[in-house]
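Novice: Each chain is listed here by its residues.
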Amino acid sequence: MATLSLDALSKTYPNGVTALHGVDLIIDDGELVVVVGPSGCGKSTLLRMLAGLESISSGELAIDGRRVNDLEPAQRDIAMVFQNYALYPHMSVADNMGYALKNQGVPRAERRRKVEETARLIGLEDLLDRRPKQLSGGQRQRVAMGRAIVREPKVFLFDEPLSNLDAKLRVQMRIEIRRLQKRLGVTAVYVTHDQVEAMTLADRLVVMNGGHIEQVGTPMHLYDQPASRFVASFIGSPSMNFIEARHADGVLTLPCGTHLPLRDGSPAEIGDAVCLGVRPEHLVQVSHSDDTTLVTEVELVEPLGADTLAHVRLDGQAELLVARLDGAQHIAEGERLYLRPDPERLHLFDPQEGHRLAAPETAS
Amino acid sequence: MATFQRHRLTPWLLLSPQLAIVAIFFFWPAFQAVIQAFYVQDPFGLGRAFVAFENFTRVLGSAEYYRALGTTVTFSISVALGAMALALLLAVLADRVIKGAHGYKTLLIWPYAVAPAVAGVLWVFMLDPELGLVSAWLGAMGIDWNHQLNGGQAMALVIMASIWKQMSYNFVFFLAGLQAIPKSLLEAAAIDNAGPWRRFWTITFPLLSPTSFFLLVMNSVYAFFETFGTIDATTAGGPGGATRTLVYKVYEDGFIGYDLGSSAAQSVLLMLLVGLLTLLQFRYLERKVQY
Amino acid sequence: MRYRRPGLDIASHVLLILALIAFCLPVWLAITAATHDQAALYTGTAPLWFGDQGLDNFRAILSEPVARLGTDVARLLFNSTVMALGIACGKIVIAILAAYAIVFFRFPLRRLCFWLIFITLMLPVEVRIMPTYKIAADLNLLNSYAGLILPLIASATATFLFRQFYMTVPPDLLEAARVDGAGPWRFLKDILLPLSKTNIAALFVIMFLYGWNQYLWPLLITTESDYMTIVVSLKRLLSSADNLVPWQAVMATALLAMLPPVAVIVLMQRYFVKGLVDAEK
Chain A
1 MATLSLDALS
11 KTYPNGVTAL
21 HGVDLIIDDG
31 ELVVVVGPSG
41 CGKSTLLRML
51 AGLESISSGE
61 LAIDGRRVND
71 LEPAQRDIAM
81 VFQNYALYPH
91 MSVADNMGYA
101 LKNQGVPRAE
111 RRRKVEETAR
121 LIGLEDLLDR
131 RPKQLSGGQR
141 QRVAMGRAIV
151 REPKVFLFDE
161 PLSNLDAKLR
171 VQMRIEIRRL
181 QKRLGVTAVY
191 VTHDQVEAMT
201 LADRLVVMNG
211 GHIEQVGTPM
221 HLYDQPASRF
231 VASFIGSPSM
241 NFIEARHADG
251 VLTLPCGTHL
261 PLRDGSPAEI
271 GDAVCLGVRP
281 EHLVQVSHSD
291 DTTLVTEVEL
301 VEPLGADTLA
311 HVRLDGQAEL
321 LVARLDGAQH
331 IAEGERLYLR
341 PDPERLHLFD
351 PQEGHRLAAP
361 ETAS
Chain B
1 MATFQRHRLT
11 PWLLLSPQLA
21 IVAIFFFWPA
31 FQAVIQAFYV
41 QDPFGLGRAF
51 VAFENFTRVL
61 GSAEYYRALG
71 TTVTFSISVA
81 LGAMALALLL
91 AVLADRVIKG
101 AHGYKTLLIW
111 PYAVAPAVAG
121 VLWVFMLDPE
131 LGLVSAWLGA
141 MGIDWNHQLN
151 GGQAMALVIM
161 ASIWKQMSYN
171 FVFFLAGLQA
181 IPKSLLEAAA
191 IDNAGPWRRF
201 WTITFPLLSP
211 TSFFLLVMNS
221 VYAFFETFGT
231 IDATTAGGPG
241 GATRTLVYKV
251 YEDGFIGYDL
261 GSSAAQSVLL
271 MLLVGLLTLL
281 QFRYLERKVQ
291 Y
Chain C
1 MRYRRPGLDI
11 ASHVLLILAL
21 IAFCLPVWLA
31 ITAATHDQAA
41 LYTGTAPLWF
51 GDQGLDNFRA
61 ILSEPVARLG
71 TDVARLLFNS
81 TVMALGIACG
91 KIVIAILAAY
101 AIVFFRFPLR
111 RLCFWLIFIT
121 LMLPVEVRIM
131 PTYKIAADLN
141 LLNSYAGLIL
151 PLIASATATF
161 LFRQFYMTVP
171 PDLLEAARVD
181 GAGPWRFLKD
191 ILLPLSKTNI
201 AALFVIMFLY
211 GWNQYLWPLL
221 ITTESDYMTI
231 VVSLKRLLSS
241 ADNLVPWQAV
251 MATALLAMLP
261 PVAVIVLMQR
271 YFVKGLVDAE
281 K
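Residue numbers (the working numbering), protein chains in the order written: chain A, 1 to 364; chain B, 1 to 291; chain C, 1 to 281.
Chain A extracted, bound-state conformation (with noise of 0.2 angstroms):
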C-alpha cells in the first residue's frame, strides 16, 4: 500500500552513458503501472533503480513520501520477480518463499502459516517440499510470484516476468497476476517490451524510449492519442501506418492523388508537410474508388481466422500498408484493394520531430 513518487531520476554509468534522463512520474497507492519500450529503452534500469539494485545518479526518489535513495532493497520494503525467475536452486519452495522473513527474523512457526497461506492462495500447496528443479516453467513463475506476495511487501516489481514462457501460459499468468494484483491491492511496477502484456494489464501505461518517457496514460488513451510517431507505433498490433502527406488549406493531398479533408478544417499549427498516421483497423474496405480512397493492390494475405491482414501497395509508397479485414471477406494477392481511411481516426504527426499535431478529436 504505498505511492511511488520519481523526481527527475537519471542513471549515468561510470563509463559516461546515461541511461536515464531525468523521468519524473507518480504512481498512486494500488496501481498498476507498466512501462513498456524497446530493449534498451531504460526500462529495466528505472525498475532496477525502483528496487534498490541499481544506484541512482539524480533525482529523487520517494515511497509513501519517504526518500529511500540510498536504502538498500531490504529496506525500502519491495518485492521483486525477476526475468529468471532467480529461485535459489539449493532450496525447497517453502524456504524459497520464507527466505526474506527469515532474514527478516521472523519465527519459524510464522514464517511457515505465512508460506502456506501465500501458496493456497496461488496454488502451490502440494509443491511446498520440492526443489526449484522439480518444477515446471509456469510452477517456477508462481514461485517466483509468491515470493514476492509472502513478505507483503508496498510495492511488486516485474521484470518481464512471463518472457520465458511459452505463449499460452503467458496467457494465463498475465490474468493470474492482474487478478492477484487486484485482490492483494498493492502498488505494482510491471516492465515487458510486449505491448499486448502491456495493454492488458495496466491502469496506466509508461512508454519509453532512449532513456526518455514518451507518454504515460491509460492503454486507451495511449491507443486513441498517442503523443509522439513513436507511441503511435509502438502501441497497436499491427502497428500503425504511416504516410507522408501535404496539407493545404484543411485538405491532405496523399503522393497517390488522394485528398482527405480534415474534420476540424485547417488548425493553425499544422504546417504544408504532415506524416499522416492510420491504424490498420481504420482502413476500411469499399467497393468502389472516389477521390477519398486509396486505391491499392494486393501483396500478401494473412487469414488470422476472425480478421484478415492485407498488406497492400500504394502508388508513392516505399513501405507496404496493412489493413486489418473482415474474416470472412477472400481477397487474393494481386487483387485490386480500394481502401477508405476513417476520417475520425486520422492522426497527423509533424514530420521532422514526429510529435502529435493537433488531433483530429476522436469520438470518444
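Mixed in with the good hints, there may be bad ones.
With a straight-line cut-off of 30 angstroms between C-alpha atoms, the simulated DSS-like cross-links for lysine-lysine are [to be verified]:
1. C:K197 with A:K154
2. A:K102 with A:K133
3. C:K197 with B:K105
4. C:K134 with A:K133
5. A:K114 with C:K189
6. C:K197 with A:K102
7. A:K133 with C:K197
8. A:K133 with B:K183
Estimated spans, in silico, between C-beta atoms of each pair [to be verified]:
9. B:K183 with C:L139: 38 to 44 angstroms
10. A:G138 with B:K183: 42 to 48 angstroms
11. C:I17 with B:G139: 25 to 31 angstroms
12. C:P108 with A:R67: 26 to 32 angstroms
13. C:L139 with B:G275: 23 to 29 angstroms
14. B:L276 with C:L8: 57 to 63 angstroms
15. A:A62 with B:R8: 55 to 61 angstroms
16. B:L276 with C:Y42: 44 to 50 angstroms
17. A:N103 with B:L81: 31 to 37 angstroms
18. C:I119 with A:E319: 55 to 61 angstroms
Read the hints as simulated data drawn from the structure, not as lab findings.
Even glycine gets a Cβ: it sits at the ideal position worked out from N, Cα and C.
Could you slot chains B and C onto chain A? The hints should help.
Specialist: Frame of chain A, contents of chains B and C only:
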C-alpha cells in the same frame, strides 16, 4: 555482474587472509631472492657484499649451468611428450570401446594420486641392479642395467617414473576431450569415406588441440618442478650430474653448497623462464585454440 | 554405427589391458616385496608372488621406531595427514573468501588485488625455495605444522577455481537475495556455499593430493623426525651408505604413503575429474 555496493570494509576483510599469506610467503621471498641475487654472502651468514651482476655472470658462464639446462630440456620434453602420447593413445582406445571406458578410467586414474617421490621409489625397486625384476628381464635381453653408474639409464629411470605418474592426468583430459567431440562429425567423415586412421588425424586430432595445448603447458610445469621428488628420491641428480635439472641445481647449490648468491641468481633466472612460459599460457587462456 | 570395426574393438581392449598390467606392475611388485623378509628378498630377484611376512613387516614399521628415521611410520602418517588436511582446508577457506571479495564486490584496487593473487599461479614454491625457507626460519616455523602448511597455501590455484565458479552464478540470484534482505555474509552462508558444495569437494580432493604429495618443502623445513612426513621419509630409508636397503620396509612404507591419496581419488573420483576438467576452463 551483480555486486554488493556500499560495503567498503567487507571485501578487505574477506581478502586479508589470502593477501597476508601471499605477501609473507610469496612476495617477500620472491623479493628477497631478487635482492640476494645481487649479493655474495659468506657461508656463515655473517655478512654480505653487493656484487651487482656477478652472480649472474658466474652462473651463465659456467658449463655446469648449461649442462643442467640441457638436462632439463631433454627431461621435460621426454616426460611431456611421452606422457601425452601414451595418454592420447590409451584415451583413444578407451573412447573407442565405449563399454568399459569408465572402468578403464577408474583403473588408470590412481597413479595421479601417487607422490612423485613414491613413484620414483617404486621404479627404483623394479630396476634395482641387484634384485630388480625388470632389470633382470633387461639383463636377460642383454642390457646391463645399472642406473647408479650409467647416466643415460638414470635419466631413463626418472623419465619413466615421471611419465608413469603423469600419464593418468593426461588420460583424464584426453578422454574428456574425446568424449566432447560430436559423434556426428565422425559419422559425417565416415560417410565421406575416411577410414579410422584418417578420421583420427583429420578430425579428432585437430579438435583436441585446445586440450593438447593446455596439457603441454601443464606437463612442462610438472616436469620442471614437481618431479624434484622423483629425482631426489631416486638418483639425487646423479650419477655425475646426469639427472641434475635446473630446479635440482638451485636446491643443491643453495642447501648443500651454501652458495646463496648463485642459488638466488638461478632462482631469478628460473622465475624469468617460468614467467615466460606462463605468459604463453595466459595468452592461450584468453584466446584458446578455437574451432 | 556401421563404420565401427569389431576387430579394432578387440585390439583396443587387448592393448588397454596390457597397458593396465604395465601400470599396475610397480605397485604389484611393491605389494609382494612388502610381504617377504629382507633375507628372502636378497636371495635373488624380487618375487612376483606374496610371502608370509606381510603382517610382521607392517606391524614392525608402524609400531617400532624405524632404523634410519628415528620414529615409527604411524607418526609419519599422522604428520602427513595433518599437513594434507591443513593445506586442503586452509586453501579452501581463504580461497572461498578471497574469490568472493573479487567476484561479488567492487572496491578500489580490486584489479591490483586480483593480479597480486593470481601472479602466484606462475611461481611454484620450488623456484623461491631459499628465501621462503629463510622467512620460515625467521618466523620460527621450522619443525612445526604451521611451517609445513602455511607457505604451501600461498598459491592461488583454489582462488582461481572458485573465481571461475562464482562467475557462473546467475547475477539474478544475488539480486534476489539482496531484495530478500540478505547481506554479504548471509548470501555467502545461505546461497553461495550450498551452491559450491561439489566444487569444494573437488578442490578438497585436488588439494589433499597436493598437500600429501609435497616433497621439497617438508624435506627442508623438518629436520626433526617428529615432524617428518611419510613421503619424505622414503629417501632416508633408501640412502644406505653401508647396509643393504631394507626393501621390505621401504615398500611397506611406500604402500602406506600411497594408500590415503589413492583412496581419496578412487572414492571421490567423480568430484576429482570434475575439479580437474573445470580447472582447465
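Novice: All hints are to be evaluated individually against the structure, with a verdict given for each.
Specialist: Tested hints:
no.: 1; hint: C:K197 with A:K154; verdict: 36 angstroms, violated
no.: 2; hint: A:K102 with A:K133; verdict: 22 angstroms, holds
no.: 3; hint: C:K197 with B:K105; verdict: 24 angstroms, holds
no.: 4; hint: C:K134 with A:K133; verdict: 54 angstroms, violated
no.: 5; hint: A:K114 with C:K189; verdict: 24 angstroms, holds
no.: 6; hint: C:K197 with A:K102; verdict: 22 angstroms, holds
no.: 7; hint: A:K133 with C:K197; verdict: 17 angstroms, holds
no.: 8; hint: A:K133 with B:K183; verdict: 29 angstroms, holds
no.: 9; hint: B:K183 with C:L139: 38 to 44 angstroms; verdict: 57 angstroms, violated
no.: 10; hint: A:G138 with B:K183: 42 to 48 angstroms; verdict: 35 angstroms, violated
no.: 11; hint: C:I17 with B:G139: 25 to 31 angstroms; verdict: 27 angstroms, holds
no.: 12; hint: C:P108 with A:R67: 26 to 32 angstroms; verdict: 27 angstroms, holds
no.: 13; hint: C:L139 with B:G275: 23 to 29 angstroms; verdict: 27 angstroms, holds
no.: 14; hint: B:L276 with C:L8: 57 to 63 angstroms; verdict: 42 angstroms, violated
no.: 15; hint: A:A62 with B:R8: 55 to 61 angstroms; verdict: 26 angstroms, violated
no.: 16; hint: B:L276 with C:Y42: 44 to 50 angstroms; verdict: 49 angstroms, holds
no.: 17; hint: A:N103 with B:L81: 31 to 37 angstroms; verdict: 56 angstroms, violated
no.: 18; hint: C:I119 with A:E319: 55 to 61 angstroms; verdict: 59 angstroms, holds
In summary, the numbered hints that this structure violates are 1, 4, 9, 10, 14, 15, 17.
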